[in-house]
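S.K.: Below, each chain spelled out in residue letters.
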Amino acid sequence: MPHFHNKAELTTFPFPSKLLLFDIKPSNYSELKSILSALPKNFNKFKVASVRNRLEHKNRVKDRVDNFPTSKEILEACECIESTIKQIETAGIYPNVFLFKESSNDKFNRVSYSLEDWKGNTIKLKPLPQFSGSKLPGYKKPQVISSIINIGESCELLRFRYQESSEYLKFWKMFPRKKEKLSSTAIHTTETVENIVTEGQ
Amino acid sequence: MRLSHQCNRLGIRSVLNNSNQSLVRLIKLIELIHKDETLQKDLEWKLMDFKKESFRETIEAYVLSEEPRNIIKESVLYGPRQTENAINLFNGNFKTPSNEAEKEYLIDKMLWKLGFDINIYPTTLQYFWKKLKSFKTVGTEKTALSESDKDEIRSAAVNFFVLLEEILEQSLSYITWTLLSDHYIDTKFEYNFEDARNVMCNKLNGHQVGSNEPLKLDNTGNNNLFGLIEGFTALIEVCDSLYLEGKINI
Numbered sequence: 001m002p003h004f005h006n007k008a009e010l011t012t013f014p015f016p017s018k019l020l021l022f023d024i025k026p027s028n029y030s031e032l033k034s035i036l037s038a039l040p041k042n043f044n045k046f047k048v049a050s051v052r053n054r055l056e057h058k059n060r061v062k063d064r065v066d067n068f069p070t071s072k073e074i075l076e077a078c079e080c081i082e083s084t085i086k087q088i089e090t091a092g093i094y095p096n097v098f099l100f101k102e103s104s105n106d107k108f109n110r111v112s113y114s115l116e117d118w119k120g121n122t123i124k125l126k127p128l129p130q131f132s133g134s135k136l137p138g139y140k141k142p143q144v145i146s147s148i149i150n151i152g153e154s155c156e157l158l159r160f161r162y163q164e165s166s167e168y169l170k171f172w173k174m175f176p177r178k179k180e181k182l183s184s185t186a187i188h189t190t191e192t193v194e195n196i197v198t199e200g201q
Numbered sequence: 202m203r204l205s206h207q208c209n210r211l212g213i214r215s216v217l218n219n220s221n222q223s224l225v226r227l228i229k230l231i232e233l234i235h236k237d238e239t240l241q242k243d244l245e246w247k248l249m250d251f252k253k254e255s256f257r258e259t260i261e262a263y264v265l266s267e268e269p270r271n272i273i274k275e276s277v278l279y280g281p282r283q284t285e286n287a288i289n290l291f292n293g294n295f296k297t298p299s300n301e302a303e304k305e306y307l308i309d310k311m312l313w314k315l316g317f318d319i320n321i322y323p324t325t326l327q328y329f330w331k332k333l334k335s336f337k338t339v340g341t342e343k344t345a346l347s348e349s350d351k352d353e354i355r356s357a358a359v360n361f362f363v364l365l366e367e368i369l370e371q372s373l374s375y376i377t378w379t380l381l382s383d384h385y386i387d388t389k390f391e392y393n394f395e396d397a398r399n400v401m402c403n404k405l406n407g408h409q410v411g412s413n414e415p416l417k418l419d420n421t422g423n424n425n426l427f428g429l430i431e432g433f434t435a436l437i438e439v440c441d442s443l444y445l446e447g448k449i450n451i
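One line per chain: the protein sequences are A and B, in this order. Per the numbering used here, the first sequence runs over residues 1 to 201. Per the numbering used here, the second sequence runs over residues 202 to 451.
Keep in mind that the hints were calculated from the coordinates and are not lab data. Predicted, not measured: the structure shown is a model, and the values here were computed from it.
In silico DMTMM-like cross-links for lysine to aspartate or glutamate, where the CA-CA straight-line distance does not exceed 20 Å:
| hint | chain 1 | residue 1 | chain 2 | residue 2 |
| --- | --- | --- | --- | --- |
| 1 | B | Lys332 | A | Glu73 |
| 2 | A | Lys33 | B | Asp441 |
| 3 | A | Lys47 | B | Glu367 |
| 4 | B | Lys334 | B | Asp352 |
| 5 | A | Lys119 | B | Asp309 |
| 6 | B | Lys247 | B | Asp237 |
| 7 | B | Lys274 | B | Asp309 |
| 8 | A | Lys140 | A | Asp106 |
| 9 | A | Lys135 | B | Asp387 |
| 10 | A | Lys25 | B | Asp441 |
| 11 | A | Lys101 | B | Glu268 |
| 12 | B | Lys274 | B | Asp318 |
| 13 | B | Lys304 | B | Glu268 |
Pairwise CB distance ranges, derived in the manner of DEER restraints:
| hint | chain 1 | residue 1 | chain 2 | residue 2 | range |
| --- | --- | --- | --- | --- | --- |
| 14 | B | Glu258 | A | Glu79 | 48 to 58 Å |
| 15 | A | Met1 | B | Thr338 | 49 to 59 Å |
| 16 | A | Glu79 | B | Asn294 | 38 to 48 Å |
Under 7 Å between C-beta atoms, here's a sample of chain B residues computed to sit facing chain A:
| hint | residue |
| --- | --- |
| 17 | Pro323 |
| 18 | Gly340 |
| 19 | Lys351 |
| 20 | Phe362 |
| 21 | Gln371 |
| 22 | Tyr385 |
| 23 | Glu391 |
| 24 | Glu395 |
Each residue gets a CB set at the ideal place from its N, CA and C atoms; glycine is no exception.
Looking at chain A on its own, in the form it has when it is part of the complex (with noise of 0.2 Å):
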């Protein structure tokens, strides 16, 4: 927990808990859950598996039928996709990119930041400085939102840092590297191993 929890009225905290599946509001939770258990439901509807599987030449013909999916199954097996990454994407469940577009800030104090994604798509955001402190991301970074989980109990959107997967970053993925401290178990441990080899030659 941050030094600053529970010490002062104006700002909160609001990620006490180990998971973030026990930070978000119930609304926001079963709205959640409906758009991700309608994925497998309406995928299984419109056979969008069986319509894959069935354009490969291998699985095509069964006893001697050919099973090529129809006009009228790959369309609806496109439309079964089409509305479901669309809703996906809106609701911020694909990590879609947002950049920083524009601020503006009026005479009472009230930021207002505007991001938008590669469609031309704009988030607008008017945070509060309520969650100072929590490590959220700067507005100007490149991020990722999501329309559907609040932070806590206001309205401001969860929002993460973006950061894009290259080679450099997994090279330095373990650094920079912390010296680690040594508990005195692990000294003793040291040791031991090292006297058995002593021991040994």
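Following the hints, complete the assembly by docking chain B onto the known chain A.
M.R.: Same frame as chain A, now just chain B:
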């Protein structure tokens, strides 16, 4: 004044940390490539709506009211001589464009070098929607299917389904990572696909959906459509059981 050095696919640049010089650099660029009086007159004629007392003032008025991308297009790369003059002023790999796509790339590269931020997005979703459109068109416009029609449908489907799997894998990884991580302590609210995919495999592998085999998702990306679809059901079941048990101190 402190400098930062940055690089991306558009090149390397040095920018001042506490002052954005991009607009001043853009104005200077326009001035430098229009040193020749004839070229200057040509541009002044083009910018007659912004006409002021001097050439410098006209450019300032123009730069302060238009989009930088349009400015480069309309007042830098609008002719062969101007383009050549501009390219000679930049250090790095700058080539005269031979088509519209190359011209767009050159505009991005120049804007980046001048200090403007260029929004570069991951392309998976873009390609996915494009491939879906072409698969849908090919798959539905042919009714009496000959072998060559089937080949055509199949080749459109291959690329499309690869992208669908990619999208589903990214979604499942992201949402599993989001819900089942400690973001304040562990992730520091920083998302990265590889880490998220590891979390997904850790949390969902071995879970049994209905009477099917226990789920086996691969953290190097070797996941098929069926496994990924099952993964969504597994995630809901895992979350539901955690939610019900209220295992807050996991």
